[in-house]
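K.L.:
Listed here are the chains, written in short residue letters.
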Amino acid sequence: MTVLAVADHRRGALRDVSFELLTAGRELADAAGTDLHAAVVSGDTESFADDLNREGVDHVHAVEHGEEFNHDVYVQAVEALAEDLDAEFVLVPNSVNGLDYAPAVATRTGRTYVSDAIDLAHNDTLEVTREMYGSKVETTVEVADGPYVVSIRGAEWPAAEGVGDAEVSTFDVDVDEDAVGSTVNGFEEVGGGDVDIADANFLVSIGRGIEEEENLELIEALAETTGATLSSSRPIVDNGWLPKNRQVGQSGKQVTPDVYLAIGISGAVQHVAGMKGADTIIAINTDPNAPIYDIADYGIVGDLFDVVPALIEEFGGEPPSV
Amino acid sequence: MKVLVTVKEVAAVEDDFEISGTEIGSTYLDYDLNEWDDYAVEEGVQLAEAGDDVEVVAVTIGPERSEETIRMALAKGADRAVRVWDDAIEDVELLDVETKAQLLGAVVEEEDPDLVLSGVQANDDSFGATGVALAEELGFQWAAVVNDLDTETVLDEGVASVRRELEGGVEELTDVQLPAVLTIQTGINEPRYASLRGIRQAQSKEIAPKSLDDLGLDAGVVESSLDVTAMYEPETESDAEYIEGDAGEQAGQLADVLRDKGVVGE
Ligand SMILES: Cc1cc2nc3c(=O)[nH]c(=O)nc-3n(C[C@H](O)[C@H](O)[C@H](O)COP(=O)(O)OP(=O)(O)OC[C@H]3O[C@@H](n4cnc5c(N)ncnc54)[C@H](O)[C@@H]3O)c2cc1C
Ligand SMILES: Nc1ncnc2c1ncn2[C@@H]1O[C@H](COP(=O)(O)O)[C@@H](O)[C@H]1O
Numbered sequence: 021m022t023v024l025a026v027a028d029h030r031r032g033a034l035r036d037v038s039f040e041l042l043t044a045g046r047e048l049a050d051a052a053g054t055d056l057h058a059a060v061v062s063g064d065t066e067s068f069a070d071d072l073n074r075e076g077v078d079h080v081h082a083v084e085h086g087e088e089f090n091h092d093v094y095v096q097a098v099e100a101l102a103e104d105l106d107a108e109f110v111l112v113p114n115s116v117n118g119l120d121y122a123p124a125v126a127t128r129t130g131r132t133y134v135s136d137a138i139d140l141a142h143n144d145t146l147e148v149t150r151e152m153y154g155s156k157v158e159t160t161v162e163v164a165d166g167p168y169v170v171s172i173r174g175a176e177w178p179a180a181e182g183v184g185d186a187e188v189s190t191f192d193v194d195v196d197e198d199a200v201g202s203t204v205n206g207f208e209e210v211g212g213g214d215v216d217i218a219d220a221n222f223l224v225s226i227g228r229g230i231e232e233e234e235n236l237e238l239i240e241a242l243a244e245t246t247g248a249t250l251s252s253s254r255p256i257v258d259n260g261w262l263p264k265n266r267q268v269g270q271s272g273k274q275v276t277p278d279v280y281l282a283i284g285i286s287g288a289v290q291h292v293a294g295m296k297g298a299d300t301i302i303a304i305n306t307d308p309n310a311p312i313y314d315i316a317d318y319g320i321v322g323d324l325f326d327v328v329p330a331l332i333e334e335f336g337g338e339p340p341s342v
Numbered sequence: 012m013k014v015l016v017t018v019k020e021v022a023a024v025e026d027d028f029e030i031s032g033t034e035i036g037s038t039y040l041d042y043d044l045n046e047w048d049d050y051a052v053e054e055g056v057q058l059a060e061a062g063d064d065v066e067v068v069a070v071t072i073g074p075e076r077s078e079e080t081i082r083m084a085l086a087k088g089a090d091r092a093v094r095v096w097d098d099a100i101e102d103v104e105l106l107d108v109e110t111k112a113q114l115l116g117a118v119v120e121e122e123d124p125d126l127v128l129s130g131v132q133a134n135d136d137s138f139g140a141t142g143v144a145l146a147e148e149l150g151f152q153w154a155a156v157v158n159d160l161d162t163e164t165v166l167d168e169g170v171a172s173v174r175r176e177l178e179g180g181v182e183e184l185t186d187v188q189l190p191a192v193l194t195i196q197t198g199i200n201e202p203r204y205a206s207l208r209g210i211r212q213a214q215s216k217e218i219a220p221k222s223l224d225d226l227g228l229d230a231g232v233v234e235s236s237l238d239v240t241a242m243y244e245p246e247t248e249s250d251a252e253y254i255e256g257d258a259g260e261q262a263g264q265l266a267d268v269l270r271d272k273g274v275v276g277e
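Chains as they are written, first to last, in this note's numbering: chain A, 21 to 342; chain B, 12 to 277.
Hints in this document: simulated from the structure, not taken from any laboratory.
Some hints here could point you the wrong way.
Here are some of the chain A residues that sit facing chain B, going by a computed Cβ distance under 8 Å [unchecked claim]:
hint, residue
1, THR127
2, GLU158
3, ASP165
4, SER202
5, GLY206
6, GLY211
7, ASP214
8, ASP216
9, ASN221
10, ASP258
11, TYR318
12, GLY319
13, ALA330
14, PHE335
Ranges between beta-carbon positions, derived for each pair [claimed, not checked]:
hint, chain 1, residue 1, chain 2, residue 2, range
15, A, GLY182, B, ALA61, 53 to 59 Å
16, B, GLY256, A, PRO340, 21 to 27 Å
17, B, GLU120, A, GLY182, 48 to 54 Å
18, B, GLU75, A, ASN205, 54 to 60 Å
19, B, ASP26, A, GLN290, 17 to 23 Å
20, A, GLY337, B, ASP271, 36 to 42 Å
21, B, GLN214, A, THR129, 43 to 49 Å
22, B, GLU248, A, PRO340, 32 to 38 Å
23, A, ALA179, B, GLU163, 41 to 47 Å
24, A, GLU187, B, PRO245, 37 to 43 Å
25, B, GLY263, A, ARG228, 22 to 28 Å
26, B, THR240, A, GLU231, 36 to 42 Å
27, B, GLY263, A, ASP165, 57 to 63 Å
28, A, GLN290, B, SER222, 34 to 40 Å
Virtual Cβ for every residue (Gly too), placed ideally from N, Cα, C.
My request is simple: use the sequences and hints to build the entire structure.
P.N.:
The structure is reproduced here in structure tokens:
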């Protein structure tokens, strides 16, 4: 019985969550009284394996195969490793690539899958803490039958540090190329354009609370009056109301302004991933329980359609009637 | 060509709610079509509009109440629907991914579609996993978090040319052989509103109920390995300073904060 943590990398670099995974894996290994194995599949496995050799890691396995992530290769490699190591727990990041292969590993190997863990405990069974209903509630879920595949949320565990004394070795997997039914043809950066919201020192950011495209005028007026740059949460961009380069979050831009004014934004984890580094976070929201207040420095519980016009007037502007 | 779209009726909690035991009472819940599935339905309907003879079938696992939501998918252009439900399912508090994949898998095997579209995640229990687990269950190919699908190649060449949306504004360009499951990301299209005509037509479209028996499954399938032992409001980590008062007072104090931080001049 072991814990197997499978790292995430992209375009030549390990992603941060890989090191957080090692911390979560170490905790779980301690609770279950077992070893922590880390694995990296594809890419520059030699240097990745070195880097994964951090304090608390007992063994690092490198599976050489191609450069970039391919889910078919990952499923085969992780299946083989998990079997070879008799891994009771397979831990992966709840990243976009994690979403693309972890459920398949669980199905193929008959493991129970639990996703997006924010805390883990192990007594006789595995206990996973996870959120539901858009982060409004937390649940403790007891997972009856092992072995397990668990994906963990980013930024919930600190990154493992230091240099460990793990045994580093390569692990050969005979990849069945016929079973590889998807081909990755390349990558593209999106969301370029005239404005880089990452450069702004004051962002006025709008979310679904604005309700209608016409109402955006109000927020544009606020940005203009205060000299702020306009950004948004995802639904505003999904709706085509603002271009992609205005989107803050996991799949948009990461921003670190002096002030981030979040208006009508609930504070979903994927949004917060893009703006939690702001110096001062101010939230305006009608819902006093909105998760955005967890990371806000200042909170205004109120209706944006009342507060924003008043704020425009404070700075001598004229609020449009929406 | 046949396209199957998995759709879930999801619950959102109201601003004020109470937890009793490990549940939230239905008086505090609002039910709606899962946001991601709305985009998946639209993608299916657009394929039907672009191709000849494309049938779009919506499939859900849900109680009778969810028919209202399924009708929305029909009103937006799905041709018919299948609703899986059973007393044995009703008894399960939280269906795990494996169970959902097996139930949906049984329907897929009956329907034999070329393409299955699901959402990236269900907004209530947010596993983000059912589509990929379903693909593996069926031996289909798959791609997760798809925000672009090339209509022509999927209709004409049996290949789904997709973009997968990765983190940080990077997209991966991938080709996937059919039959396949794609998990659809929001923003891939602009979901239409149901027209009055669509809503009227939906009334006469079929929603076929399927029990475990109908699908040739036994009750053991739905034994969930997940047991919710606690549900609570997260302890607030907030050390936010709340600005009180009416809107005018709040705006006044906020203006002071912004001036104080030096981001807005006098
Ligand atoms: C793989 C993946 C990637 C994602 N990437 C991103 C990303 O990069 N960026 C991102 O933002 N999201 C991303 N999301 C989506 C994310 O999960 C949320 O759905 C999204 O952030 C919600 O946006 P929102 O807060 O504007 O909307 P909601 O969650 O709907 O919140 C709207 C808020 O407005 C408040 N409100 C309503 N009316 C008013 C009013 N009159 N005055 C004041 N407040 C009001 C409500 O109380 C609510 O809190 C991603 C999701 C996935 C699965
Ligand atoms: N009960 C259900 N009925 C139909 N489809 C579902 C159900 N649960 C999940 N799905 C599909 O799987 C996707 C991902 O859900 P989940 O893995 O639960 O986050 C959803 O967007 C739906 O398309």
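K.L.:
Compare the structure with each hint and give your call.
P.N.:
Hint check:
1. The beta carbon of A:THR127 comes within 4 Å of a beta carbon in chain B, closer than 8 Å, and the hint placing it at the interface holds.
2. Annotation: A:GLU158 was flagged as interfacial toward chain B, and the flag holds, the nearest CB pair being 5 Å apart, inside 8 Å.
3. For A:ASP165, the shortest C-beta to C-beta distance to chain B is roughly 5 Å, which falls under 8 Å, so the interface hint holds.
4. Look at A:SER202: its Cβ gets to within about 5 Å of chain B, closer than 8 Å, so that hint holds up.
5. Contact between A:GLY206 and chain B, as hinted, is supported at the beta carbon level, the nearest pair being about 5 Å apart and thus within 8 Å.
6. For the restraint placing A:GLY211 at the interface with chain B, the shortest Cβ-Cβ distance is roughly 4 Å, inside the 8 Å limit, so the hint holds.
7. The restraint placing A:ASP214 at the interface with chain B is violated, with a minimum CB-CB distance near 15 Å, outside the 8 Å limit.
8. Look at A:ASP216: its Cβ only gets to about 11 Å from chain B, farther than 8 Å, so that hint breaks.
9. Taking 8 Å as the C-beta contact cut-off toward chain B, the hint placing A:ASN221 at the interface holds, the least distance being around 6 Å.
10. For A:ASP258, the shortest C-beta to C-beta distance to chain B is roughly 4 Å, which falls under 8 Å, so the interface hint holds.
11. The beta carbon of A:TYR318 is positioned within 8 Å of a beta carbon in chain B (closest approach about 5 Å), and the interface hint is therefore held.
12. The interface hint given for A:GLY319 holds, since its Cβ lies 4 Å from the closest Cβ of chain B, which is under the 8 Å cut-off.
13. Because the beta carbon of A:ALA330 sits about 3 Å from the nearest beta carbon in chain B, less than 8 Å, this interface hint is met.
14. The beta carbon of A:PHE335 is positioned within 8 Å of a beta carbon in chain B (closest approach about 6 Å), and the interface hint is therefore held.
15. One distance hint, 53 to 59 Å for the beta-carbon pair A:GLY182 and B:ALA61, holds here, with the actual separation near 56 Å.
16. For the pair B:GLY256 and A:PRO340, the beta carbons lie near 24 Å from each other, so the given range of 21 to 27 Å is met.
17. For the hinted restraint 48 to 54 Å between B:GLU120 and A:GLY182, the CB-CB distance of approximately 51 Å keeps it satisfied.
18. At about 45 Å, the CB distance of B:GLU75 to A:ASN205 disagrees with the hint of 54 to 60 Å.
19. Distance hint for B:ASP26 and A:GLN290: a CB-CB separation of about 21 Å, consistent with the stated range 17 to 23 Å.
20. For the pair A:GLY337 and B:ASP271, the beta carbons lie near 19 Å from each other, so the given range of 36 to 42 Å is not met.
21. Between B:GLN214 and A:THR129 the CB atoms are about 45 Å apart, so this pair conforms to the stated range of 43 to 49 Å.
22. Roughly 36 Å separates the CB atoms of B:GLU248 and A:PRO340, a value that falls within the hinted 32 to 38 Å.
23. Checked against the given bound of 41 to 47 Å, the beta carbons of A:ALA179 and B:GLU163, roughly 44 Å apart, stay inside it.
24. With their beta carbons about 39 Å apart, A:GLU187 and B:PRO245 fall inside the hinted range of 37 to 43 Å.
25. A hinted range of 22 to 28 Å for the beta carbons of B:GLY263 and A:ARG228 is consistent with their spacing of about 27 Å.
26. Hint check: B:THR240 to A:GLU231, Cβ distance near 38 Å, so the stated range 36 to 42 Å holds.
27. One distance hint, 57 to 63 Å for the beta-carbon pair B:GLY263 and A:ASP165, holds here, with the actual separation near 59 Å.
28. At roughly 37 Å, the beta carbons of A:GLN290 and B:SER222 sit within the given window of 34 to 40 Å.
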